[in-house]
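Heads up: the sequence lines are chains A and B, in that order. FYI, in the working numbering the residues of the first sequence are 1 to 330. FYI, in the working numbering the residues of the second sequence are 331 to 615.
The set of hints was computed from the structure by calculation and includes no laboratory data. Some clues are possibly wrong.
What the hints assert, rightly or not - Per the computed footprint, the stretches of chain B lying under chain A, defined by three or more beta-carbons under 8 Å from a beta-carbon of chain A, are:
id, stretch
1, 356-365
2, 455-464
3, 580-593
Unchecked claim - Think about it this way: if two alpha-carbon atoms lie no more than 25 Å apart in a straight line, the pair counts; the simulated SDA-like pairs of lysine to any residue are:
id, chain 1, residue 1, chain 2, residue 2
4, B, 441, A, 36
5, B, 441, A, 48
6, B, 441, A, 33
7, B, 441, B, 452
8, B, 441, B, 455
9, B, 441, A, 206
10, B, 441, A, 56
11, B, 441, A, 32
12, B, 441, A, 44
13, B, 441, A, 55
14, B, 441, B, 517
15, B, 441, A, 49
16, B, 441, A, 45
17, B, 441, B, 355
18, B, 441, A, 305
19, B, 441, B, 505
20, B, 441, A, 37
21, B, 441, A, 309
22, B, 441, A, 52
23, B, 441, A, 34
24, B, 441, A, 160
Where a beta carbon is used, it is the ideal one built from N, C-alpha and C, also for glycine.
This is what each chain is made of:
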Amino acid sequence: MSTSTVPGTSRTVHTPPSARASTPATRPRRPQRQAVGVLLGPFVLLLVAVFLVPVLYAVRLSFFSETHTGLGFGKARTAFVGLRNYAAVLSDPSFVSGVGVTLLYALVFLPLVLTGGLALALLFDSGLVRARQLSQTVLFVPHAVPGIIATVIWLYLYTPGLSPVLDVLGSADVTVNFLGLRMLIPSLVNIALWSGLGYTAVIFFAALRAIPRELVEAAEVDGAGPVRTALTIKVPMIRGTLSTVAIFTTIAALQLFTEPMLLSRATPLVGPRFTPNMYIFDAAFTRNNYGLASAASVLLLLVCCALSYVVTRGTARTGRRVPDSRKARP
Amino acid sequence: MPARSVPAGRPYGRVVANVVVGVSVLYALLPLLWLLLASTVDAEALFASDFFGPSNFALVDNIRTLLAQDDGAYLTWYGNSLLYAVGGAAVGALVSTAAGYVFDKFEFAGKGALFALILISVMVPATVLALPLYLLASDLGLANTVWSVLIPVLFNPFGVYLARMFSASYVPDEVLEAARVDGANELRSFLSVGLRMLAPGYVTIFLFQLTAIWNNFFLPLVMLNDASLYPLSLGLYSWNSTAPINPDYYPLMVIGSLLALLPLVIAFLLLQRHWRSGLTAGSVK
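From just these sequences and the hints, can you work out the full model?
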C-alpha cells in the first residue's frame, strides 16, 4: 500500500478528555472491557493470523533447509542450518545484482517523483494555476489504475508495431528501443512515475495547505518573491511529509515485482531474478527452496524496518521544531 | 479555495506554471486516451495505430470477443475481483473503523505497545508476507481457495491509523457521554452513534482498501492455481503471457484492461471529497 503517514508526529499519545476525567474511579468497568474486546478483537485476530504468525514463521523457516538423503530418493528431511540460508542469499550473485538493479531504479525514480511532485504542489499552492482542482484530479487518475494495467499500457506503448509513440518517433527518423539495455531502467521508472506523480503532488499540496498563512505572508511582506518563499519557508515546513513520502516510495521500490514480471515476457534483459522480490518468488516456486526464499524475505523485511525506524526518528526530530508539536521531550 | 494574492505583473510566471501543469496533465491523460481509442478499433487498425478510420470502429465486436474468450473466463475473473475487492473492503474497513474507534475512545492495558505494532505493520510490504502466508495456508489446506485471498486482505493497519484520527475529529466525546447517561452500553453507543458519525471515514478507508485489493497481484499469484478463482489482475497476466506468441491476445488485453480499470477510476472521480480528506489526514496530521 502506498499511502503515507507521519507516525512521529501522529496522535499516538492522544487521550480523550472524557476517558481521562473518568479514569480514577471507573477504569476497569466491565462493559467497557467487553466493548474493547468485541470491537478490537477481530482486528487483533487478523494482526496475529496474517501478520505476526507469518513473520515469525518466515524467520523460523529461514533457519531450516530441506535435505535429501542418499541419491535424492526417499523423503526430504528438514534440518536446522543456522544462518547458512542467509549466507547463501547474500553470496548469490543473482541476488546481489537484483539489489543493485533496485537501488539504481530507486536512485533514478526517487529524485524525479519527489521533485516533480513538489514542483507541481508548489505551483498549485502559488495560485498561478488555472483549473487547479480539475488538474489535480486528472493527475491523480493514473494512481487508480492497477499496476498490472499501467504496465500493460506502457509495455504496448514501448512495443514496435503497436506503439503510436514509436510511429511518431520513427517518422522523425528517431529509433528508440525502450526495452533495450540503455532504456530499460528509464522505461521502468517512467511507469512508476506515471502512476505516482499526481499522487505525490496531491499529498504535498495538502501538506502545503496546512502551513500557517501568517508565515507565508510575513515572508512576502519582508520582500521575498514566490520562489524564495517556496524554497526558504514552504519546503522546510513540510520536511516531515517529504521524508515520509520518500521512505514509503523507497519501500515501494524495494518491492518492485509486477512491472518487471510483465516486462520479462517482452525482453530477455529481465530475467527471473531481476529484483529481490522476483528472486524470492523464483526461489520459492521455481526452485522450491523455502528456506532460501524465507531468508531473502526476512532480509527485505529487516531493511524495511530499518528504513522505517530511521524516518520515524527523523520526523520525530524535525517534528519538535515544527510549531504543531508543542510538547518537547523532557 | 480562493487564489492567494498573486503579485500582478508576473505574466511570465503564470504562463510557465500553466505550461508545466498542462504538460503533466497530458502525460497523465494520453496513455489512458490511447487505451480508450485502441479499445474501439479492430486488430488491423490497432497495429496500424489508425484510430479514426470510419470503418475501423469495432468496440462492440471487441467486447463480444472478450466475453466469449476461454468460455467466458473474463466475466468469471471480473466477478472474482468484485467479490475479493468489495467484500474484502466492506468487511476490512469495518474491522479497521471499529479498532480505530477503540484506540481513540478507550483506555486499556497495552494500548501504546499495540498501536506501535500497528504502525510497524503499516511499513511491512505485503509481498514480504505473501510467501509465509502461502506456506501457512498450504499447511492449513486453505491454499488455492477463495479464503486464501480474501482473509489476508481484510488486514488493513493503515485503516486503523486513519480511523483513529477520524474518530478523534468526527466523534465528540460529549455525544458518547450523553449516550451513556441515556443508558446505552458501549457497544450500543458505537453502533448507533459512533459508527454513524464515522461514516465518511469508513467510506475513505473502504475506497483505499478497494483499490489496494483490486490492484493485488502478488498474493493471488502465489495462492491460486485454479484459473476460475483468479481475480482480473491475475487473469490478464495469464493472457498477457500468451500475447507475444499469439497476437490475437493484444486486442483482448486492451479492451480487457480498459473494462478492468473503469470501476476504480469512476469510484475515484465520484468519491473525490473522500479520498482527498483521507490523503490529507494521512499526510499532514
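Hints, verified against the model:
| no. | hint | result |
| --- | --- | --- |
| 1 | 356-365 | holds (count 7) |
| 2 | 455-464 | holds (count 9) |
| 3 | 580-593 | holds (count 6) |
| 4 | B:441 / A:36 | 11 Å, holds |
| 5 | B:441 / A:48 | 16 Å, holds |
| 6 | B:441 / A:33 | 13 Å, holds |
| 7 | B:441 / B:452 | 17 Å, holds |
| 8 | B:441 / B:455 | 24 Å, holds |
| 9 | B:441 / A:206 | 30 Å, violated |
| 10 | B:441 / A:56 | 22 Å, holds |
| 11 | B:441 / A:32 | 14 Å, holds |
| 12 | B:441 / A:44 | 12 Å, holds |
| 13 | B:441 / A:55 | 21 Å, holds |
| 14 | B:441 / B:517 | 19 Å, holds |
| 15 | B:441 / A:49 | 19 Å, holds |
| 16 | B:441 / A:45 | 15 Å, holds |
| 17 | B:441 / B:355 | 45 Å, violated |
| 18 | B:441 / A:305 | 21 Å, holds |
| 19 | B:441 / B:505 | 23 Å, holds |
| 20 | B:441 / A:37 | 12 Å, holds |
| 21 | B:441 / A:309 | 20 Å, holds |
| 22 | B:441 / A:52 | 17 Å, holds |
| 23 | B:441 / A:34 | 15 Å, holds |
| 24 | B:441 / A:160 | 57 Å, violated |
Checked against the numbered hints above, the structure violates hints 9, 17 and 24; every other hint is satisfied.
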